[in-house]
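**Q** Here are the chains, one letter per residue:
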Amino acid sequence: MRKLQIKDKQQLISTIDKNRIFILFGVIFLFMALFAPRFMNVFNLTTIMRTMSLNATVAIGFTLILVIGQLDLSIGTIITFAAVVGLGLKESVGFGLSVPLAVAAGGVVGLINGILVAKAKINSFIVTLGMMTVLQGTIYTITGGNSISLSTPDAFAISDWLAEMFFPLLTPRVLITIILVILASFGMRRTRIGRNFYMVGGNSQTAWLAGIDTDRYTIAAFVISGLTAAVGGILFAMESAAATLNMGNSSLMYVISATIIGGTSMAGGKGGVFKTFVAVLTLEVLYNGIILFGLGNEVKIFLAGVILAAVILYEAYTSYRREKVLGQRPELMKELERDREAAAASSS
Amino acid sequence: MLNTTVLEMTKVSKAFPGTLAVDNVDFSVEVGEIHALCGENGAGKSTLMKIIAGSYNDYTGHVYISGKEVDLHTPSKSKSFGIEMIYQELSLAYPLSIAENVLAGRMPMKSRKKNGKGLFIDKDKMVRETRRCLKMVGLDHLDPMLPIEDISQHEGQLVEIAKALGNNPCVLVMDEPTSALSREDVKRLFTIMRNLKNRGISIIYISHHLPEIFEVADRITVLRDGKKIATREKADITSEELVQMMIGHSVNEFYSHADHSINEIRLSVDNLTRNGFFHKVSFQARKGEVLGLGGLSGAGRSELARVLCGLDSRDSGTVQIDGKEVKIRNMGQALRKGIAYLTENRKTEGLALRLNLGENILAGIIPQLTRTGIYNSRRGFGILSKLVKELSIYPPDPLRIVNNLSGGNQQKVLLAKWMASEPKVLILDEPTRGVDIGAKMIIHQSIERLAQEGHTILLISSDLPELVALSNRILIMRQGHIIREMQKSECTEESVLLAANGEGV
Amino acid sequence: MTEQKTQHEHIVQPEMQLDARAVKLNIFSKFLHTLGIYGIAGLFVIFGIVLQVFGVINGFLSVQNMLNIVDAVALLGIVAVGMAFVTYSGHYADLSAPTTMALTGIVCVQMLRYGFLPAILISLAVGISVGLLNAVAIGKFKANPIIWTLAVSYVTLGVIRLVWVNKQIYPDVMASSQRASDLFDAIYRLRFFGKIALPVIILIILIIIYTLLMTRTQFGAQLKITGAARKAAKFSGINVERIIGAAFLVSAVSAAIGGLVVTSLSRVGAWYNGAGYDFRAVTAIVIGGMTLAGGRGSIIGVVGGVLIIGLMNNIMTLLGIGTFSQDMIRGAIFIIVVGVSAKSLRSLGRDDA
Amino acid sequence: MKKLVKLLFVGLMLLTAAGLVFAGGEAEEAASGAVEGNLEASLAIDVSVLTAADGQPLIKLGGQTRPVPERPADPSALPETDPLHWWDMEFAGWNSVKTNIPESPKDGAIGKRIVMIVHGDHPWTTACSNGAQKVADAYDIDLKIMSPNWDLAVQNQMIDQAINERPDMILLIPLDAKTAPQQARKINRAGVPLILFNTLPSAEAMDYAIAWTGPDDFGQFRILSRLWADALGKEGGVAYVQHAPGGSPYFARCFGPISELSEYAPEITVLDKQAPGFEADKTMQLVSDWLTRFGDELKGICAADDSAQALGIFEALSKAGREDVIVVAAGNSKVGMDLVKDGKLYAITYQTAEGDGALAVKTAADWFNGLEIEPVRYLPQHMITVEDVEDFYPPQW
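Chains as they are written, first to last, in the working numbering: chain A, 9 to 356; chain B, 2 to 506; chain C, 77 to 429; chain D, 2 to 398.
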């Protein structure tokens, strides 16, 4: 009986641990729903969804990058790059061609990152840091320092269409994001290719020995990261009907924070797209509530930092604890308990 | 038994920058045989096997499988010919589940058609298939969805074996599969191997453990310096001949039986307990004594050592050195009190592989080399050159990166690190694991000399001849308790083994 | 005994190993290996001289220009040599450096009302306490350095902005006396011999102290082993928690000093001071030959990396290359230099994988 | 256990649904109940007596407009040195075709609700908000200020939220000239009156706003450049330290002077222009390198920022012992004005931060009061030199 209880308690803790992002989301959402003025209405919730769209899309690829145990610091500039390419080419080739080109551009940047990481074996932190600088320069050069806007009726039409709520909480852009999240989440969990990414991140040596082409998966992860960043960027730019030269800059730190808060570990092999998505939603609900309370960005930055720090500390502390008890022998623990009981019995 | 050759390699070579690791080797494996591969560390065994497993794409020579010439340039290619390899170091993905590790690269997919390629993973089938594989190695009590990081190390080793068996291989390569296994598990493994053999599966078996080889192998091939020396039937060769072929000349004796004088008590441990790891351990060790710690893997010996040197915390009990109680909270304090610990995991815990020989040897005595706040590694040069010479570390170049040394020399570097710190009590945890015979002898002689000089040695070893030969007394641990103390006179390989298994008187 | 010894010498055979000297290297990585980062710096100088000889640019080879380069990178150097300890310890980078700089600066300006020296001491203490947060979480609990320092930088930024309500404060307004304000102003502007600025002197002092610290002290020697193999260091009796913590403290000290310098330069205490110095410092450190894996590189190398960045900017501006193209070139050179040096280390067998 | 989590989730969903039904209807009613006599009371309020923190009048209307030349057929075909090349940017809004602009209620500004969305946190923004608040207080307007911290996605969200609150007016500083059209259009389509201010948006955005108010960057810099050219003796080489790319200041504070001087002082040659960002040390290295490269040729520097950039410039100049280089810059930060007072900076433009916010609110009030609003309202144009710099102390930020 006793043993069962201990097991249940441990199970409870591990279940809570695994689902902590959902609980965090629930708590923050409930708090805002109860106390934040004008929070619970269709319009505001749709606003949250709309704002979340960019970072949620970008975070799909970034989660994949963390799952394979790498880092991609260039996602922020890829967002901008895709936006600039997509909108800049629209005049000459139309959206029908410029949007795929923009997405492809993101993919190409990811491909270069991936090849440098997988084949040239340079640390991804360095490759993507360098790529960030290169891309920023490229963006400024091809635009001549000029943001791009599309103030034509067809551009406005697409922009309006993307932003229009056709169902509570859903706009086409949000729907695209959600579809991508569902596809990626399902693919990562249920397909062999998806599981292989985890294998590569969990132990690339094992993966390679199991006949998984780790280089190809590493490159693929960077390409997907580039693609999702580009998709996020171009959709965002189309809805804004403009591409500014730093529109993606704030996404980098945001996406890193959200992915970590969502429970994906920097060490690789752990985490999931859906959890990251919920983490993005959580942050977005929090930020939205802060604005509704009339509080400033300083509160927002501070709270985001505290939550992130708490999550990291919690995770570090659990693995610190786990290391302490790793290898404990159950029969000896039982023996200890028997001794204690005996001692208690004899003293009473 | 059909006497057909399943795998044949002719004139196979593999060069690393600056050296020929495998030099023009011919090697063949018959259907349904257990073929042992012997040689010292660096003889080229592992490289040869990695060629078979498809780890290199730039070897030269020819490989034939069932008479057909093939290229084994990637692991997946080798797998497609039914070659499976079990690696010496665990190659499991720790955050992932057992099932995913066992079925790595061949996850079952849902599909309407039979054997058709589906898109999604069939989870039920995955669990079923994993259970089947685990059952072969006696791990069917484990939940296949448990992540590897939640199971113990020797279970991990068995999972590794289950993984290879699950692929229905026709050639199975085992690179020191028993080094982390307990005696029971080794027995079970040998049974599995014989069963496989009877089913016509060929096994290539690499081990340093000669008794094991003579127990299971049908044929033995010896490599030395990358060249093949000979292939013999087991019946045609004796242990001494085999050793001679491996090291190139004959040795008269493995171990000397020095008699240690018994002095005053140096280390006294009383009721030491770490909850869940070992309970109420008490013993005493004298100056100049080699105290052996026998037992099966997982009996709590390494855990005891870790607590003694402050790497883990204790829950109760006392430790005295030279009659004074010491409270040790970390390894730095342990060193100051005169306790040093040579870890069993050379590559992860023992050495900084990317640093050079000198830096590694001096790593433990940095405080001693620091005077008035100034650290000068040159002060350690005397100790360094003395130790390098004493242990015949090759090459004797203090600037050589340790990663580029052979396993035996790495182990010598590790021992040198602790000899440099001149400890009162030196705990050696598997000091000769995975080490070639030459290095092993040098290490043994150093241990004896240390004892003669008055150091107290706690020797943890699963190598029974070594344990029996070197120890003055042996304490047997089993499941976290010391269950017996054996004097030198009553120690034989057999008696120790029986005691460790909880049998015998 | 002696008999046995001779026997050992027999047993020791020429073993298989990678012979470093036989490894074929391409010319560039050989060059990089022998001369290190100063080889590249030398290449840049030669390039500059050639350009000047052919009249493409002028004024490159002058004392004043070289001083300008040093002046311009002194601040980056101060931050980078400190953060180098973090990289050396195998913990990538200290992303909290920029906000540590801002915090130190704004606290110092705020405290100028109590006089110059108290302000400096208090603010340095505050800056270093940020490092203490990193030291505990990363040293003791093994939190991931990148995201932990990122979180700390968020928290610090939040604190600065909450306390000073998004305002910036001025030393001459806050100071109790003109003297305090002038002294604060002089942190950046004081010049020795009319040429060499105080930050350069600070940098030189830091280089000397840090080099000694890294190569000549117990801490440095133990840090190297900790950086190269944390577990092995722990098993060698090194208190890795304290060593790693100390590395983050050194980084915080440097960032705090850098914060004072940058605040003195811009004459305002504000939350955005120091922005961008995290990635810039990493760039310099990595170009300077320190690998992210830890335990390899030197302070002198990092200074070389800093100088290369200065030289690169100088030559590109002298050539009249625009800001935008400069970014592209900088990023590309960064990847190439690091890639080649990583490759040469690998082929020398000095780095795994 | 999993069930529990699922239950929690389902509960949340239900709660959300309930909330949607509950609040699903329209957001709050527009506030302003027209009070009798409100208009007269509003019109009677005189905000011209208000002063900014620097002692200058907060709002100085009239005399700030300047002649708008004819738009050339294709401005971009002209060279960059031609002033008319910049027509679309410089005179954005003057020939806008107003679309779907709401009628003024003409019931007075008192008691109205205004949401002001700025671009991000900065001491400048704080001063700007203070100015806006002063005018709002004078009119008893309920002013709510939101700051998106320089993030476009957040600014878009704030626009949505502001629309959701149904205020009487939205005041907006677009994060970028080019994002303004769609943002303005969105507010316009929601039927909320809009005034854009500070950042000069693309011309299209002006169609959807009642007006734009703010500094005349091009105009200011044309005046500044003439002053500068006179000091330079209308000859010699000059260089430009540019604003960060991605907005009108990047062009106005560099090509404004260049195009103006191409006519006014054609002997002045442009040696280089670079955008090192707003960091003193980077600017210092840039200018040091310029001094090495151009030597005595370099006679003047025009900077887009009078604090960090200007400090970097003077550090470089003092190191090289070049007291003769004439430097002008934009803005009147404390640092910049100190430099003017010390006789280092030759001239800076007067960019009143408080006035910027104040003018926007004042224009809104005028609209509520039913007054005629010109499409573009400029802040006063003034150059601060050593002669009158004392009048602008204490600095606004």
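These are calculated hints, taken from the structure and not from any lab test. Some hints could be false.
Just the calculated beta-carbon pair ranges, DEER-fashion [claimed, not checked]:
#1 C/G118 with B/P397: 30 to 40 Å
#2 B/G139 with A/L191: 52 to 62 Å
#3 D/V387 with C/I277: 26 to 36 Å
In silico DSS-like links for lysine-lysine, alpha-carbon gap of 27 Å or less [as the list claims (entries may be wrong)]:
#4 B/K425 with B/K390
#5 A/K129 with C/K216
#6 B/K111 with B/K124
#7 C/K243 with D/K107
#8 B/K136 with B/K126
#9 C/K218 with A/K129
#10 D/K145 with C/K243
#11 D/K145 with D/K107
#12 B/K348 with B/K281
#13 B/K338 with C/K307
#14 C/K419 with B/K328
#15 A/K332 with B/K390
#16 A/K129 with B/K348
#17 B/K281 with A/K332
#18 B/K111 with B/K69
#19 B/K338 with A/K26
#20 D/K145 with D/K135
#21 B/K425 with C/K218
#22 C/K243 with B/K348
#23 A/K332 with C/K307
#24 A/K26 with B/K124
#25 C/K243 with B/K328
#26 C/K216 with A/K127
#27 C/K419 with A/K129
Just so you know, these numbers come straight off a predicted model, no measurement behind them. Built from N, CA and C at the ideal position, the CB exists for glycine as well.
**Q** Determine which of the earlier numbered hints do not hold for this structure and return their numbers in increasing order.
**A** Hints 2, 5, 7, 12, 14, 15, 18, 19, 21, 22, 25 and 26 not satisfied by this model.
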